[in-house]
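Guided by the hints, dock chain B onto chain A, whose structure is given.
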Amino acid sequence: MIGSIASILVDGLAYAMFLFIVSVGLSVTMGLMGFVNLAHGAFAMAGGYVVLTAMRYFGVPFIAALALTFFVIGAVSVVFERTLYARLYKAGELDQVLLTIGLAFMAIAGATYFFGPIPQHITMPDWLAGHIDIGLRTVPTYRAFLILIGFALVIALWYGFERTTLGAKIRAAVDNRRMAQSVGINVDLLFTLTFAVGSGLAALGGGLSIHLLGLTPTFALVYLVLFLLVVSVGGLGSVKGTLVAALVLGIFDTTGKYLYAEAGGFFIYAIAMAVLLIKPAGLYGRE
Amino acid sequence: MKRFHLASLAALALVMSSTAQAQTVKIGVMLPYSGVNADLGTQIDKAFDLYVKLHAKDIAPYKVELVKRDEGPPSGANAKTVATELITRDKVNILAGVVFSPSAIALAPVLTQAKMPMAIANAGTAWIPTLSPYIVRFSFSMWHPAYPMGEYAAKNLGCKTAAMGYTDFPPGKDSTEAFKTGFEKNGGKVIESIPMGNPAQVPDMTPFFTRVKDAKPDCFYVFIPSGSHASAVVKYYGEVGLKQAGIKLIGPMDVAPDNKLPAMGDAAIGTIVMGHYSKDLDNPANKEFVKAWEAEYGKNFIPDFMSAQGWDTMAAIFDTIKKLKGDFSDGEKVVDTLKNYKGNGPRGQVSIDPATRDIVQDEHAMEVYKKADGSLGLKVLGTVKQVKDQCKELKVGRCGGN
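These protein sequence lines are chains A and B, in that order.
For the first sequence, position 255 matches number 255 in the numbering used here, and the numbering has no gaps at all.
For the second sequence, position 75 matches number 75 in the numbering used here, and the numbering has no gaps at all.
So that you can see chain A by itself, here it is in the shape it has in the complex (with noise of 0.2 Å):
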């Protein structure tokens, strides 16, 4: 029983970090601009993609893959951000997510038309593909890789929020972006940055999930929903926000499906809507 619980916890604690990786950015991006982004997905797909690419034609090994794609969706994503992105900032939501639903239509149209619909797989390094024991039960290695590289970036993120002056921009911004823009801080090129890093990461997000869920071009769409999910679970602009929020719908979602598989995918809508009825604006967000 105690063995059934650790790989339960083992597993939604991987799923929940796959969560928090590829929704940190859209949080903080939302936040921050109040940019409704449907693309980001898209841009989690193309992460896997590029990690896919670089280890089957280049093989380039698999960590140094997860490396590149961060800096090159990183930088990808800038290009999107200056020449369509930017127009919108000021427009209705609605226009804001046509434009970007459209691209992840373009998107998902165009990883089918170079890599076909069908799920793609990778060979794992050796080190990653075995299994662990972790005292209780033996767990797959990769899993508790994935929850490792998930607190390192926890870690890093809460350093780079809450301690450097960049962070605290970024945090002032969030909070009032008018008073920041009087005092000097130049929250364009902020937002700019900070939607390089988000999409960076959810390109790392996508990169890590290949060996999890298969990567098809529909994962820019399939698994959208549950960004959005634990956005607003989390609240706007929150990185505490965006871990709890993933954590509560990583492990309770795994949970459910392993004690009541009948409903098991109508959990995490459960504890959504509970959450979103007591606290509209999520866990974290302000009022």
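Calculated directly from the structure, the hints in this document are not laboratory data.
Some clues are possibly wrong.
What the hints assert, rightly or not - A short list of chain B residues far from chain A (calculated; beta carbon distances all over 10 Å):
#1 K57
#2 T81
#3 R89
#4 T161
#5 A292
#6 E296
#7 K325
#8 A372
#9 L376
#10 E393
#11 R398
As the list claims (entries may be wrong) - If we take Cβ atoms under 8 Å as the criterion, some of the chain B residues that face chain A in the derived model are:
#12 S34
#13 G35
#14 V36
#15 D39
#16 I194
#17 V202
#18 D204
#19 P207
#20 F208
#21 R211
#22 S228
#23 E239
#24 G241
C-beta: ideal position from N, C-alpha, C; glycine also.
The following block gives chain B in isolation, referenced to the frame of chain A:
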């Protein structure tokens, strides 16, 4: 005078074109060409094309034309529209294909209304042929493999208890019910039945498989819609540690389709499936089929049970064209001919039971093993001859009403 001349020319052209049309049988092909299940469509599509290419000369002077359309997602949401379009706009003479049961279920009323015959090349939910008198099925019913698998698991594999996991849509429920019936009639007991997500996406199966591991059954019966899901099942089976825990993986042939075997790895070895086809099946028609397939598509593109079904479906349509001399104007006549089909295909001897319009074929218990050259193959352990759909034989649920 000149005017009259033109008019008679036009009339002549009209007559000629209509006779030319009568010589060509238009086949509306509905298969999934997009989404995670596109490779299922490809297996059947390639079989259709190959059969037409090799046998077009057999039906001269008549010709066939394939009009191909995307069947859409596994929910069947697009099927009715696509079928209606093929019938009313493309004016096809017969429909062929359909991988997903929900598609077949959705479009059945259209067939009845249009008196349009349909040859089903996959869609295996047992009661589908009862939905329209114009449906003839050349693939299988879920009960074909699942019911004998239940018997075989209890009698030959020494399974006393079993857990079942299935993709949550009609054929999944059908397949597990069939397995359970066969298994429990022979003294086994099903202790878990777990729905595992929907067919449109391959889910993370870890929580489901962990639950099975903790329930400690002797056997784990899995139904998934073949293709990408099959690769995932074997991956999680090894990763979650069910194999190490001594739980035997069993299922219909969807769990170990020939074309997915090479990528499955050693976790698949020892998996036992019940099915009507494997690339390695030893009969002359299959040897010829595999040879023709490899000559056309190369050795790396491997045919599987869906290709075999596609091949027999097209063979039956060609047989009907010969018997009716290319005249497909009367839908009922076409169905009457199709439902009396008997033939020898890659699966061996197959025929249609005219009473149920469903296929009669051999079912083989097969084990995944490592061949001498290191690749994975399917070894036949035992054969049940000429199996009829047990759902209709035993009149279970919707199969009984007709």
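Hint by hint, here is what the structure shows:
1. K57: 33 Å, holds
2. T81: 20 Å, holds
3. R89: Its Cβ never comes within 10 Å of chain A, the nearest being 25 Å, so this holds.
4. T161: 18 Å, holds
5. A292: Label holds. Min Cβ-Cβ 24 Å, cutoff 10 Å.
6. E296: Nearest chain A Cβ is 20 Å from E296 of chain B, so the label holds.
7. K325: About 41 Å separates K325 of chain B from the closest Cβ of chain A, which puts it past 10 Å; holds.
8. A372: 24 Å, holds
9. L376: 16 Å, holds
10. E393: 30 Å, holds
11. R398: 21 Å, holds
12. S34: OK, holds: S34 of chain B within 8 Å of chain A, min 6 Å.
13. G35: 5 Å, holds
14. V36: At about 5 Å, which falls below the 8 Å cut-off, the nearest Cβ of chain A leaves the hint on V36 of chain B intact, so it holds.
15. D39: This interface hint holds because 5 Å falls under the 8 Å limit.
16. I194: This hint holds: I194 of chain B lies near chain A, its Cβ roughly 4 Å from the closest one there, short of 8 Å.
17. V202: 5 Å, holds
18. D204: 6 Å, holds
19. P207: Nearest chain A Cβ about 4 Å off; hint holds.
20. F208: 6 Å, holds
21. R211: 5 Å, holds
22. S228: Because about 5 Å separates S228 of chain B from the closest Cβ in chain A, which is inside the 8 Å limit, the hint holds.
23. E239: Since the shortest Cβ distance to chain A is 5 Å, the answer is holds.
24. G241: For G241 of chain B, the interface hint holds, since the closest Cβ of chain A sits about 7 Å away, which is under 8 Å.
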